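Participant: Chain by chain, the residues run as shown.
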Amino acid sequence: NAGVMQNPRHLVRRRGQEARLRCSPMKGHSHVYWYRQLPEEGLKFMVYLQKENIIDESGMPKERFSAEFPKEGPSILRIQQVVRGDSAAYFCASSPQASYNEQFFGPGTRLTVL
Amino acid sequence: GENVEQHPSTLSVQEGDSAVIKCTYSDSASNYFPWYKQELGKGPQLIIDIRSNVGEKKDQRIAVTLNKTAKHFSLHITETQPEDSAVYFCAASNYGQNFVFGPGTRLSVLP
Chain A
1 NAGVMQNPRH
11 LVRRRGQEAR
21 LRCSPMKGHS
31 HVYWYRQLPE
41 EGLKFMVYLQ
51 KENIIDESGM
61 PKERFSAEFP
71 KEGPSILRIQ
81 QVVRGDSAAY
91 FCASSPQASY
101 NEQFFGPGTR
111 LTVL
Chain B
1 GENVEQHPST
11 LSVQEGDSAV
21 IKCTYSDSAS
31 NYFPWYKQEL
41 GKGPQLIIDI
51 RSNVGEKKDQ
61 RIAVTLNKTA
71 KHFSLHITET
81 QPEDSAVYFC
91 AASNYGQNFV
101 FGPGTRLSVL
111 P
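If you read the sequences in order, they're chains A and B.
Numbered per the numbering used here, the first sequence spans residues 1 to 114.
Numbered per the numbering used here, the second sequence spans residues 1 to 111.
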């Protein structure tokens, strides 16, 4: 049973470009969470999605950031017009429908903005 | 909203000794408290969790205790080994809501 998968593992973008981060949850999991981690800091919640629905986006910056979890395919976190401050590790977690307190994390995508 | 504090920020112990990491939370509605271990360059890995209806849970060398009245919970690692060296994060959540993480504790187990 594969764990949470994220790609790419490393992403380099120049200022002003777009970054697309993908997350495939564990099999049977329908809840996806995105977190951001700055160097030497803890994880900060960004957004919580279920299939085709955004449940809680209270941690998401109001501009340039968006997320989706379509009926088919992975969840995508999209950052438009990236700035140097967006450089961080972005982690996706998934949880099962029946007991959605437990969150299982992927390996993360490390975004570097030049 | 919820706020989670974690202490100490760094901890060094000799191999074989015990390590204790403490967290406090602010929202009395929180009812789920997981602990994650994060190794360099990897994602956080769930190592143990506790729900608000129990006061203690143990899994081999790892245990977690919860004091709901005082709103704090602790991670205990006994007989530490070098492979226990990592950053440990506590978190708190209200059932079905997002996790609020503590800032982390960097544990070093010295051989």
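Hint data in this document are derived by calculation from the structure and do not stem from the laboratory.
Certain hints may be false.
Using 35 Å as the maximum straight-line C-alpha spacing, the simulated DSBU-like pairs for lysine-lysine come out as follows [said to hold, decoys possible]:
#	chain 1	residue 1	chain 2	residue 2
1	B	Lys42	A	Lys44
2	A	Lys71	B	Lys58
3	B	Lys37	B	Lys71
4	A	Lys51	B	Lys42
5	A	Lys71	B	Lys68
6	A	Lys62	B	Lys57
7	B	Lys57	A	Lys51
8	A	Lys27	B	Lys57
9	A	Lys71	B	Lys42
10	B	Lys42	A	Lys27
11	A	Lys44	B	Lys22
12	A	Lys71	B	Lys22
13	A	Lys44	B	Lys68
14	B	Lys58	A	Lys62
15	B	Lys37	A	Lys62
16	A	Lys27	A	Lys62
17	B	Lys37	A	Lys71
18	B	Lys71	A	Lys71
19	A	Lys27	B	Lys58
20	B	Lys58	A	Lys44
21	B	Lys71	A	Lys44
22	B	Lys71	A	Lys62
The model shown is predicted, which means the values in this text are computed figures rather than measured ones.
Participant: Run every hint past the structure and note whether it holds.
Facilitator: Now for the hints, and whether the structure bears them out:
no., hint, verdict
1, B:Lys42 to A:Lys44, "holds (16 Å)"
2, A:Lys71 to B:Lys58, "violated (39 Å)"
3, B:Lys37 to B:Lys71, "holds (22 Å)"
4, A:Lys51 to B:Lys42, "holds (26 Å)"
5, A:Lys71 to B:Lys68, "violated (39 Å)"
6, A:Lys62 to B:Lys57, "violated (40 Å)"
7, B:Lys57 to A:Lys51, "holds (33 Å)"
8, A:Lys27 to B:Lys57, "holds (28 Å)"
9, A:Lys71 to B:Lys42, "holds (28 Å)"
10, B:Lys42 to A:Lys27, "holds (20 Å)"
11, A:Lys44 to B:Lys22, "holds (19 Å)"
12, A:Lys71 to B:Lys22, "violated (41 Å)"
13, A:Lys44 to B:Lys68, "holds (24 Å)"
14, B:Lys58 to A:Lys62, "violated (42 Å)"
15, B:Lys37 to A:Lys62, "holds (31 Å)"
16, A:Lys27 to A:Lys62, "holds (31 Å)"
17, B:Lys37 to A:Lys71, "holds (32 Å)"
18, B:Lys71 to A:Lys71, "violated (39 Å)"
19, A:Lys27 to B:Lys58, "holds (28 Å)"
20, B:Lys58 to A:Lys44, "holds (27 Å)"
21, B:Lys71 to A:Lys44, "holds (21 Å)"
22, B:Lys71 to A:Lys62, "holds (32 Å)"
Violation of the numbered hints given earlier is confined to hints 2, 5, 6, 12, 14, 18; the remaining hints are satisfied by the structure.
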